[in-house]
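Chains as they are written, first to last, in our numbering: chain A, 27 to 394; chain B, 5 to 129.
These are computed hints drawn from the structure, not numbers from a lab.
Some hints could be false.
[Said to hold, decoys possible] A few chain B residues facing chain A, derived, Cβ under 8 Å: (1) Tyr41; (2) Leu44; (3) Ala66.
As the structure is a computational prediction, the values presented were derived from the model and not from experiment.
Heads up, the beta-carbon is just placed ideally off N, CA and C, and yes, glycines get one too.
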Amino acid sequence: MDSSGQTPKRTPLYALHEELGAKFVPFAGYAMPVQYRQGILAEHRHTRTQAGLFDVSHMGQVVVVGVNAARALEALVPGDLQALAVNHVRYTMFTNDRGGVLDDLMVTNAEEHLFLVVNASRKNEDLAHLEGHIRGCGIGPRRELALLALQGPTAAAVLGRMVRNVATMKFMTSIIASIDGIACRISRSGYTGEDGFEISVRDERAEDLARRLLKEPGVAPIGLGARDSLRLEAGLCLYGQDLTPDITPIEAGLAWTISKRRRGEGGFPGATVITGQLRDGPARRRVGLKPEGRAPAREHTPVVDANGQMVGEVSSGGFGPTVGGPVAMAYVPASHAKVGSHIGLSIRGAVHPASVVSLPFVPHRYAK
Amino acid sequence: MSGLKYTQEHEWILRDGNVGVVGITDYAQGQLGDVVYVELPSAGTEIEAGGQAAIVESVKAASEVYSPVSGKVVAVNDDLADNPGLVNESAEGDGWFFRIELGDPSELDDLMDKAAYDAFIAGLK
């Protein structure tokens with residue numbers, strides 16, 4: 027039972043996780059592997075040096091079908107979907123009237139429809155949001171689909187042995203493929219900062235596919251613990267911490283996701299707030315913080331100025347295994363957001379010095 | 005290791021004259037996973053039995069460590085500052101946390117021995 031009193035749901039890979047020695051935690055209503063036998067540090071390093079296999083089947087997969095699906099969905103997101111070419115993937119977010127973020131998502135132009143991947147914790151709300159606001163399109167939750175991610179510098183070599191045309195794929199593109207007879211949609215994308223792929227596959231074939239991938243040399247199963255430390259070092263936002271209904275994409279440093287046309291035309295919830303912040307600069311910004319000592323500064327750690335006044339808060343923080351020390355992301359006033367600024371982190375009542383640094387902490391290695 | 009006494013909060017203490025050596029149990033380190041930071045008390049700190057004495061942080065979360073007995077901290081394990089992984093490698097040995105001057109040695113009688121602790125953690129599974 028989790029805190030909601032519901033028995034946690036299981037992904038199609040639950041039995042495989044158990045066999046692999048997973049430690050489970052409740053996450054967004056699912057029992058998910060937080061780590062396997064290697065432990066989080068080793069799993070993190072494995073993904074940075076070889077290839078890690080993640081079960082992210084708890085995430086929501088949804089299709090939007092209709093002749094004007096891209097235009098219709100643009101009413102809910104600031105991303106430029108009409109400019110999204112067939113088999114290309116775009117990162118965007120559902121916004122509210124205040125310009126805050128209701129969820130962040132990936133949208134693929136799958137030619138006959140748009141294919142959306144949304145956060146597990148938000149999928150029911152997102153479906154209701156889509157059904158309530160999209161006119162003239164069909165909204166189809168694809169509950170029969172699992173999602174695997176293969177991430178790391180050898181991911182392309184591994185998958186390239188199974189699918190001929192993945193080697194030439196560019197970052198943020200997608201194909202329909204067959205892996206040893208298993209039908210999949212493969213996207214070159216991920217949440218680790220490394221090169222890699224996300225593979226959407228029918229539930230009943232997911233375990234077979236996972237076992238085939240795990241048989242390949244250098245592929246290890248990786249849990250949600252390392253997924254979080256990998257994305258933190260990559261400076262990627264986690265919904266519920268770095269993105270919330272009270273944080274705009276501009277404050278979050280995601281202005282790059284909004285094209286010139288969408289900035290000019292608006293037509294998405296909160297456009298007035300967002301275009302105003304694009305013009306004038308936001309009052310606060312998401313920044314990277316490097317604490318000087320070894321104490322991790324976790325979510326909600328107060329950020330204080332030289333006078334000890336609280337000026338902001340850590341949105342995500344912890345230990346960065348590749349960095350070899352603590353790393354954090356925080357929202358601070360624009361006046362404190364310059365790289366090199368010195369601030370303090372109030373950890374259990376003691377102020378620890380830290381510097382504002384550029385994100386990501388570990389360079390992205392995407393196949394651009 | 006013989007002579008260790010254990011708490012229900014998964015600390016151990018080994019008596020050495022009028023001083024006790026304190027750490028977290030091997031079971032506790034296994035539950036925490038990779039330890040990346042340990043915040044130790046300052047030497048001279050007076051602590052009550054069951055009072056918060058240290059913080060141990062894994063990749064996932066921070067956890068409080070309580071003193072099994074009352075007394076005054078007389079030394080801490082400085083090796084943990086640079087090598088917090090010692091807690092995983094040797095929780096009930098080189099990964100000790102601090103040494104505490106026993107305020108009341110009879111408090112040790114209230115703690116579990118190895119057999120009782122093993123039975124206690126078996127009941128948690």
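Checked hints:
A distance limit of 8 Å between C-beta atoms decides the matter here; for Tyr41/B the minimum to chain A is near 5 Å, and the interface restraint holds. Given the 8 Å rule on beta carbons, the hint for Leu44/B is violated: about 12 Å separates it from the nearest Cβ of chain A. Taken as an interface hint, Ala66/B checks out: its beta carbon lies about 7 Å from the nearest beta carbon of chain A, inside 8 Å.
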